[in-house]
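Hey, can you work out the whole structure from these sequences and the hints?
Residue numbers (the working numbering), protein chains in the order written: chain H, 847 to 1241; chain V, 853 to 1183.
Because the hints were derived from the structure by calculation, they are not lab data. Hints are not guaranteed to be accurate.
[Stated by the list, open to error] Using 20 Å as the maximum straight-line C-alpha spacing, the simulated EDC-like pairs for lysine to aspartate or glutamate come out as follows:
1) Lys1178/V <-> Asp1218/H
2) Lys1089/H <-> Asp997/H
3) Lys1182/V <-> Asp1115/H
4) Lys864/H <-> Asp1115/H
5) Lys1182/V <-> Asp1218/H
6) Lys1108/V <-> Glu977/H
7) Lys1109/V <-> Asp997/H
8) Lys1108/V <-> Asp997/H
[Claimed, not checked] Away from chain V, derived, C-beta distances all over 10 Å, residues of chain H:
9) Met847
10) Glu874
11) Pro881
12) Asp899
13) Ser968
14) Asn1126
15) Met1166
The beta carbon of each residue, even a glycine, is placed where N, CA and C say it ideally should be.
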Amino acid sequence: MAISVVMPALEMAQENGKLLAWRKKEGESVTKGEPLLEVETDKAVVEVEAPGDGILAGITAQVGAVIPVGETIAWLVAPGEQPPAKAATAAPGARATSAAASAAAAPTAAKTSAEPVAIQISPKARRLAKELGVDIGQIRGTGPDGTITSDDVQAAASAKASGGATAAPAAAEPLSQLARLMAERTTQSWTTVPHFFLQQSVDASALQTYQKKLSVGSAPGTSPTITDVLIALIARSLEKHPKLNASWTGDGIRLNADINISVAMAVKDGVVSAVIPNANRTPLATLSTLRRELTQRARSGRLRPADITGGTFTLSNLGMYKIDAFTAIITPPQCAILAVGAIADAVVPVDGNIGVRPMLTMTLSSDHRVVDGARAAEFLGELAVAIREPEKWLK
Amino acid sequence: MPETAQRELTFAQAIREALAEEMWRDPRVCIFGEDVAEAGTPFKVLSGLVEEFGAERVLDTPISEQGFTGMGVGAAMTGLRPVVDIMFGDFLTLTMDQLVNQAAKVHYMSGGTWKVPMVLRTTLGATRRSAAQHSQSLHAWLCHVPGLKVAMPSTPYDAKGLLKTAIRDDNPVIFFEDKMMYKQKGRVPAEDYTIPFGVADVKREGEDITLVATSSMVDVALGAAKLLEGIGVSAEVIDPRTMWPLDEKTLVESAKKTSRAIVIDEGYGRYGVTGEVASVIAEGAFFNLEAPVKRMGAMHVPIPFSPPLEDVTVPTEQTVFEAARKLCGKA
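Take a look at the structure:
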């Protein structure tokens, strides 16, 4: 029996995926788990594995196409078998591999709105655009249902004619999926989540010493970094502060059972957050290796759906950019994010005298619907203690 | 156009005056129909004509629409200029063979030897609480037939001028009067005048949207235009006055100017007059349109007797206003 290959979704909210490449050709045989296609989803480029064994057939999606999640884009068939004629709907229980992909049995109602819409333009506006040499792809329609009207074309034409900076919006670069999503999600978070910020500077001498000690005898680029140690310390601190590892559900608070630390990583088009699952129970060496793998995959755009889902708390470290301190935007449904600056020598009081110490400034952004100032301060204080004596916490 | 009189007449009086003037002018003009003589029709449109012209020229017939319509066709072919009265437009169904297969075809099939200079006057329009068999607007049936002309006046002035033109026309003309409009008053010159067929009338000039309306819907469109003015939309209201011949040029030019059009007619919206007119506009003005041409007609149901139900089956000022507002993106 033919197995459908569907456009996977990472989250319920995802509407489309862009097909970047087929790793197999039509007619080629595929075994379950082999990379079958590459998809640019909302967050990253992911490899999608074959949902079963069979011969790839009935491909309906072309490379570059933006496809609603849940839509069948090809079939895996037995030798001699024909793919089902109508490949439009995912069969019930369509066997997609990742958990995310199975969530992709998106309701068809959502599909219509998700389909790439052709430009809606009135006949008059279309004629006028042609006459005036205006690119209708660059016009935002103001008519009913966003229809481009002749007024919109006239406005675009006069903006073009005046040649000034007013024409600039028309030349805006189209966003990649990732950049568009970053824009949408940060706007949504910043405008709907009541953020508040706590800041604390901590002496990082012990942290640096501990990290250096771990690197003794290891090849460069193999031992845990400051970020890795921070991930481990945060995860262990969160064990005692479940409210910081919680989610706002819309009408209540969910305390998350696992502590999965998202690590913000800069990539070409923006930022992605790769997840270290169960970071509180993962030995530091293992955590470090996993974090390195994730970083590499993120940079090459090869993160898999599982790599970026399930985070419960985010660490964003801009230390390598020599930033002293900064505030970060929470990634809902998480309720907190820790922004960490560079470790830099600073003049501080030491035992009543003036001393110089490597200082690290942490800024915790919290969702006030989930946590209050006192609880957040307790967590941050405990984390500061852990940073001052990492060896004790991570043994 | 003669403008001497500031006199006002009702729609019914304008019809009667046209008939009387034509009957004085031409002794061949006569009237056949049910209750046209003493009763002067249930709508009192013809009151006084039998006294003025006698029972030979204003002839009460038995209740047999097919019979006396056929009589009208024969009388027209043999030299009279009869005006046949079909009380309710719903009864046109009984006259179909006489109109469609005889009146409309004779001139063509006789190689021009015979002609049928007959006028058939009848009514249309709902909201009179007359139920499903006395409330329909079936003019589209006749617009569909080559060989018939169809006139649909919307004012007393147009009624008089168009009816005189109809009576003087050598072809069969079906003349539709909105039965709800008979008491409506308007300026009607006392003198003789005619209005040519195939010439639409711009009832109101506007810039943003064209409302093409027929017969009973012209007032509805004008009311909607007034409402639209309140939200800064300038509506042009055009009355084609005759559905065949149809003044395509005026309709298309108006739609080209405003870029948007709604066609409003009290006949059924489905497969109706609105579809034809909308198509003419879409073809003629396509590259000047900002929005699809919208049709508004009677709901596709038998007209209910229940007043609240009947009232929602036909376009109103408010529904036309809403549709126009949406089309103009002013929602």
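Hint by hint, here is what the structure shows:
| no. | hint | in the structure |
| --- | --- | --- |
| 1 | Lys1178/V <-> Asp1218/H | violated (48 Å) |
| 2 | Lys1089/H <-> Asp997/H | violated (53 Å) |
| 3 | Lys1182/V <-> Asp1115/H | violated (39 Å) |
| 4 | Lys864/H <-> Asp1115/H | holds (15 Å) |
| 5 | Lys1182/V <-> Asp1218/H | violated (46 Å) |
| 6 | Lys1108/V <-> Glu977/H | holds (17 Å) |
| 7 | Lys1109/V <-> Asp997/H | holds (14 Å) |
| 8 | Lys1108/V <-> Asp997/H | holds (15 Å) |
| 9 | Met847 | holds (45 Å) |
| 10 | Glu874 | holds (47 Å) |
| 11 | Pro881 | holds (47 Å) |
| 12 | Asp899 | holds (50 Å) |
| 13 | Ser968 | violated (4 Å) |
| 14 | Asn1126 | holds (54 Å) |
| 15 | Met1166 | holds (51 Å) |
Of the numbered hints stated above, those contradicted by the structure are hints 1, 2, 3, 5, 13, listed in ascending order.
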